[in-house]
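Here is what each chain is made of, one letter per residue.
Number of protein chains: 4
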Amino acid sequence: MHELKEECGVFGIYGHGEAANLTYLGLHALQHRGQESAGIVTTDGSRLYAHREMGLVSDIFTEEVLSGLTGRTAIGHVRYSTSGSSHPKNSQPIVVTYSKGEMAVAHNGNLTNARTVREKLESSGAIFQSTTDTEVIVHLIARSTQEHLISRVIEALLTTKGAYCLLFLTPEFLIAARDPYGFRPLVLGKLGDAHVIASETCAFDLIEAEYVREVEPGEIIIIDGEGIKSFKPFSEVKHANCVFEFIYFSRPDSFVFGGNVYQVRKEFGKELAKEHPADADIVIAVPDSGVPAAMGYSEQSGIPLELGLLRNHYVGRTFIEPQQSIRNFGVKLKLNALKNVLDGKRVVIVDDSIVRGTTSRKIVKMIRDAGATEVHMRISSPPMKHPCYFGIDTPEKNQLIANSLNIDEIKQYITSDSLAYLSLESIHRAIANYDSIAKNQYCNACFTGDYPLDITDSRKKLKQLHLF
Amino acid sequence: MHELKEECGVFGIYGHGEAANLTYLGLHALQHRGQESAGIVTTDGSRLYAHREMGLVSDIFTEEVLSGLTGRTAIGHVRYSTSGSSHPKNSQPIVVTYSKGEMAVAHNGNLTNARTVREKLESSGAIFQSTTDTEVIVHLIARSTQEHLISRVIEALLTTKGAYCLLFLTPEFLIAARDPYGFRPLVLGKLGDAHVIASETCAFDLIEAEYVREVEPGEIIIIDGEGIKSFKPFSEVKHANCVFEFIYFSRPDSFVFGGNVYQVRKEFGKELAKEHPADADIVIAVPDSGVPAAMGYSEQSGIPLELGLLRNHYVGRTFIEPQQSIRNFGVKLKLNALKNVLDGKRVVIVDDSIVRGTTSRKIVKMIRDAGATEVHMRISSPPMKHPCYFGIDTPEKNQLIANSLNIDEIKQYITSDSLAYLSLESIHRAIANYDSIAKNQYCNACFTGDYPLDITDSRKKLKQLHLF
Amino acid sequence: MHELKEECGVFGIYGHGEAANLTYLGLHALQHRGQESAGIVTTDGSRLYAHREMGLVSDIFTEEVLSGLTGRTAIGHVRYSTSGSSHPKNSQPIVVTYSKGEMAVAHNGNLTNARTVREKLESSGAIFQSTTDTEVIVHLIARSTQEHLISRVIEALLTTKGAYCLLFLTPEFLIAARDPYGFRPLVLGKLGDAHVIASETCAFDLIEAEYVREVEPGEIIIIDGEGIKSFKPFSEVKHANCVFEFIYFSRPDSFVFGGNVYQVRKEFGKELAKEHPADADIVIAVPDSGVPAAMGYSEQSGIPLELGLLRNHYVGRTFIEPQQSIRNFGVKLKLNALKNVLDGKRVVIVDDSIVRGTTSRKIVKMIRDAGATEVHMRISSPPMKHPCYFGIDTPEKNQLIANSLNIDEIKQYITSDSLAYLSLESIHRAIANYDSIAKNQYCNACFTGDYPLDITDSRKKLKQLHLF
Amino acid sequence: MHELKEECGVFGIYGHGEAANLTYLGLHALQHRGQESAGIVTTDGSRLYAHREMGLVSDIFTEEVLSGLTGRTAIGHVRYSTSGSSHPKNSQPIVVTYSKGEMAVAHNGNLTNARTVREKLESSGAIFQSTTDTEVIVHLIARSTQEHLISRVIEALLTTKGAYCLLFLTPEFLIAARDPYGFRPLVLGKLGDAHVIASETCAFDLIEAEYVREVEPGEIIIIDGEGIKSFKPFSEVKHANCVFEFIYFSRPDSFVFGGNVYQVRKEFGKELAKEHPADADIVIAVPDSGVPAAMGYSEQSGIPLELGLLRNHYVGRTFIEPQQSIRNFGVKLKLNALKNVLDGKRVVIVDDSIVRGTTSRKIVKMIRDAGATEVHMRISSPPMKHPCYFGIDTPEKNQLIANSLNIDEIKQYITSDSLAYLSLESIHRAIANYDSIAKNQYCNACFTGDYPLDITDSRKKLKQLHLF
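Residue numbers (the working numbering), protein chains in the order written: chain Y, 1087 to 1554; chain W, 1087 to 1554; chain S, 1087 to 1554; chain E, 1087 to 1554.
I should point out that these hints are in silico values taken from the structure, not numbers from a laboratory.
Keep in mind that the hints are not guaranteed to be accurate.
Given that identical chains are not distinguished, each listed pair holds provided it fits within a single copy or across any two copies.
Using 35 angstroms as the maximum straight-line C-alpha spacing, the simulated DSBU-like pairs for lysine-lysine come out as follows [claimed, not checked]:
1. K1425 <-> K1186
2. K1448 <-> K1431
3. K1276 <-> K1451
4. K1360 <-> K1276
5. K1315 <-> K1360
6. K1315 <-> K1425
7. K1315 <-> K1448
8. K1451 <-> K1497
9. K1360 <-> K1175
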């Protein structure tokens, strides 16, 4: 029920007798980060074995498929496309052969100089099979003149700009790399003697791995038979953790950037109630993403929390809309307003963000149709005015409603009686309350437009490929 | 995440240009009542057109399938098997030809004299293709010596005992019948000039139909070109609405037996807090079924509601369990405990019922593993001691934990610090607060063993068929 | 490449440790008798296990499916519909329960009084789930007042008229029945201690079973733990073996009605060369059905046999025809004319029959387009003037070209230079040369219109059902 | 029923309103050249549209898939792997982007210096996504410093050694190239104003295109809006048409290397009868590949041709073998021996080649089991002693029976009474009789070991990749 598409999730494990099975479970726990395709590549120390497909993790990885993925080391990927169109060719992990043998790569993020680097590579004869950023990195590694893989990876990443959490797999090594800004989360854990790496801690919970620490911004970790080594080849930059991981993307039970997502989100709701109180009878959430903030809003304000909108979780990919017009059909398939709860009530409705505004408008109408006398929309983040170039699939700038309309105009568009957004200051105050890593700094570019690094290249549209 | 299997759902529409499309949406809204198979039969006034398959509504009914289901009148069915094994042959609606032509039937419920009637029919030469109760009714109609369909249906139902909401479709008529006890819900609505019938009102909400009234216990409604007629051929009996529709089965946004399910469920939580208070820091729910009662418990007790367990909605049919033992694997795939929320806390955990006790035991363990210092289990219904013979797929009596253990023993088994169930009196008090139909009377047999009608026949196991 | 659709094939085996596997191989050998659907039912002595599906035998019966079909006795069926529309519901074997338990039936043939019997059954309350003839027989068995299954089967078959080879399976018995006229072939064999029954001997060859004898016309065989018993409950009638089994239906390597199909077919070709010589350079066949007769024609006439038409065996169910018109597209997908072979030649083209004439017309045109100077069509059977009511799916009478046009007119329609059909006398002379069962008598009704039994009922169209 | 796997087939069309549809039909006609995967890439002049999948042409290209392949120019490919393992990644046409935009390539053949070139490319940073030879060519084109595509292609092919018929597609151009030796066939045709190119003429017959001429060995043809241009950039070498295209690979109705395959094959049979007569009662073929030669043998020798082995064309991918041993199970699924034909006869059995000898041995046994008194095996080609490195998937040298055993030993192994092979002289004499291109010269390396070019590189095993 959200207008923002999730990005990607990665998982890796080194040195476990059930590497493929555990990767599959890890990806299942990370499914919310990408429902379009999934893939696993394993190694037995001499070769790579791979399987990737469009679809959900639990549909793709049957017992038969998993039994073919032999070996004690594996990486996996779930994907929603941020760069590269939705197509099997763009599924990850990418697997290639180059002069040093086989290599697989899984990537969560978005490069900001991919176009420029790609053009340079092409002009010296490189060929591309996908439209993903990730293939650029693979070319850089293949062309490096360094001997050892870690040196090649470092050389390649020194050329690469943007947001990335990367996992590389060869028959010998598992390498994890996080960009110097630390845009996207990446955590390191242990499962017995095995090392595990994942986008979020919820993947560790399912397989009962122990959280050790974050892979740090700018850190490259290489794991082989001799253990784990860490490299920090980049100049220090100001960190830029994606604040939206707290607002919407990460799973509430995960612990990212040093804080628990649910607790931070609930704190957003409390701050929202302080900043923007409402004279109302009930608080309701837009499920599921608005629930924690609504709980916080209710707790802080004392206004009782009610189930005003019910979510139908059976929704498949496509639905045939009848010709008889059904008001707000797309939203109605997923949400139903509870008349008995809403009728005659002054309602505070809490959501995490407004993107285009069309869904919010439909939801406000549904609540009014159900008999609410007043609808007060409260958003647990600031107005989203700028597209993300660091791994989140936001619409173009002119489609972001807060880019063209001010808050009062948005209120009129979505037809609510009042509308208020949580301030950036409160966002950071809320995070600070739960942040176990004091020095964290965040990327707020979607609210402020202050991009932590140059995005000229990203604005150029990659000439679109329509393969397959 | 529930040990009880849902039963079935039915939907019908008479006289609408998009009968198949709207039936498909109606069934989508009723998907929670049965995820095993679904079917739609339509008529254009001269013939029947049918499609039924194993799977979810949104997967089965593609645009191509729907376009073949022509006509202005339709019935549909979603199924989880209560009688008859899980098999394509047992999908509904059933379609047959008999001396008067074609007829389709969709059934929610369970007959209590099916075995006896079936044996009688077989001894006079009847052959059966499925193991469902419903086929018995069809035979009775086919063998009736009455001329008009409605008389045949009445004659058949006078022989039939048990719980049923039935929809019959022929090229001329749409007939709806509800048993005299009114075990299962069935509601009547309007969509423009078209008549609609559904198990729950949530199906009306999606297609924007207007709720008119319940089909009354013992009522048979026949709809044709001349309009709608009602028959009440049965002797009056004491009504026996299934109290479990409020406790667990119906969708929270539905209005059944005159009350809104969510509001009744939240009221259960409030009553539970009054009857069985706990000295605790937080209240959490077993999602999704325990959420409304947990909200009520929190509101009544003043103990803050927290998200202590997160549900993963991406769970598919089967999962490969790794050999390395993962504690509580089955539950963990669907639920994750939030350590940061639970750590060091005294926790009230609210669920709607305990069936076998195995899931509750795992959940309590997960909460303790997450650091909770005390776990107080609160159940928003009385101990379930007796199987249901009226349409709910309960396990055998000896598998119901409350049948063999007392509350204290159950508490020990599930390893909670305290355990309390809501009393039947409170259940009825809570319902009464929200009941718009004053005279309602409920079936409490699963708690009391007082079955509203003789179940001798049902206890006999139907000799199991393993077709296909 | 043939305008006549095949009918059905049956296979049964009693008392073998791999009953399902061998039935699957037997059906594979009988695949030419029906490519629409296939099914196997097995028994372990206490229950039946069944699987049936639309499609080819080798696609339907995977290792997993076969492993679920346990037991030492099985029957199987491949189907092309002769009665009952093409639909999963009409797949066979049919499985039902009735007063005596479970029973499965597989049927090759066509009843001539099915409509009358069905109406009678329906008027006394019978309900039907399929539109096949076979369901009528099952009802008659279920309604019989006889105690023993064999008596019930006999009573049912005494009421039934028409063409049938039937296999019945219950947990105790395997029964085979062939109608008194012996329209369709049915053979009995041995595989070690196991008894096997099949439509044609080619099924025995694949599993290395030994041919014992034909199941005789009017014979009912019952096999159980005590061995094999034979009943002949019908009055003796003049036999009516289907001559078309030799002309087109049976596989060339089979031995049916006491003769080898290939040898009889080649003999047809020799007789054709004697009766209707042609002054030509080469003889070619319409593959595959015309090949043996063309070999005989060449051998007898001394005119060399050439490959003039090549068949493409990769043809799937549907093909998208381009808008640019391709002459004779449907035929061209399956057959290509060899220009180098045909160019400048006077060609004798041998086919087994002409049904509507449209395919023959296209083939003659293809041969001329390839450069043939003369085209002499020779048909290895008499003109087909009358529909079959005994198990072959012929078109309506008015669509049979020989019913409305004389030979000269047909020649003009198909644009050949000459056209000649083999006489019925020669057909019977050819068969006699290879017939090991001297007393055989044949049904020639499709040529003569002399139906061996009353077909009044069959001419009535069954009110068409469109289930699923 | 053949131990040699087919290679690949290509088809291209420039400038036709139904380019995709006609390519699909062309590939259908070429299906015998590769049944593992198929693909089509089209262009509308600005972009490429592609679809490729594992499976048969008629299953892959549904109406929906074809409708997405827009544009007036297309290339297509059917594949059985000769280099690169059986895997979706190795399906063709390959589609890539490089500095000049998009390009697709389809390849029939096998490069002999692929390994060497690949290593060189990898050492300068190239990455590979498939294990096919074809990707090497694409890299060479991408790295060429020439400006125009045709110059890049020429530069790339000057580096490339081995057997190839290549089709290249870009938004502007369709390019066809055939190696200087002319190993594999490639023909040029016209369909109205459109140009068509295919591996064999049978593809032209189906779409009613007109054969114009062969693409000559060493010729590169480029087609664009201005018409068709021809380049011959290679030094003249002695041609080396693959003699096995006549013996087994090409379709009998095709016209390749200037001769009709069926006629040449029948002539082989006649030569065989002259060279190696047999005192026998009947001649039979191993269907389908042995049929034309058997016809020739019969015609020349006067020994009547009979249908001694029947082929079952319904054979799917896999069959479950029963535990009860069935003699010669694999062969028996596809072939059945006709007892009535073979019993008591002295039989000449004609096949096109013997590879490992295992199938021939089974066939001889089947014929004896059917009662033949003598079995005389006649092979319409010389003993195959050397693997092919030019596009045919032969087994390793030590698996070729004629490499380790002499003819008498082979005869003993296959248990025939006599065995004789056609001499290479007779092969060439037979071809000469039907060759319309006088100057043709053939590659006989599989018989003689005289490879027309250096194969050192090909003998090196490519380090095996197991992607997906």
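Status of each hint after checking the structure:
no.	hint	in the structure
1	K1425 <-> K1186	neither (65 angstroms within a copy, 44 angstroms between copies)
2	K1448 <-> K1431	within (18 angstroms within a copy, 39 angstroms between copies)
3	K1276 <-> K1451	between (49 angstroms within a copy, 22 angstroms between copies)
4	K1360 <-> K1276	neither (41 angstroms within a copy, 45 angstroms between copies)
5	K1315 <-> K1360	neither (46 angstroms within a copy, 58 angstroms between copies)
6	K1315 <-> K1425	between (59 angstroms within a copy, 29 angstroms between copies)
7	K1315 <-> K1448	neither (52 angstroms within a copy, 38 angstroms between copies)
8	K1451 <-> K1497	within (13 angstroms within a copy, 47 angstroms between copies)
9	K1360 <-> K1175	neither (49 angstroms within a copy, 57 angstroms between copies)
Violated hints for the displayed structure, listed by number in ascending order: 1, 4, 5, 7 and 9.
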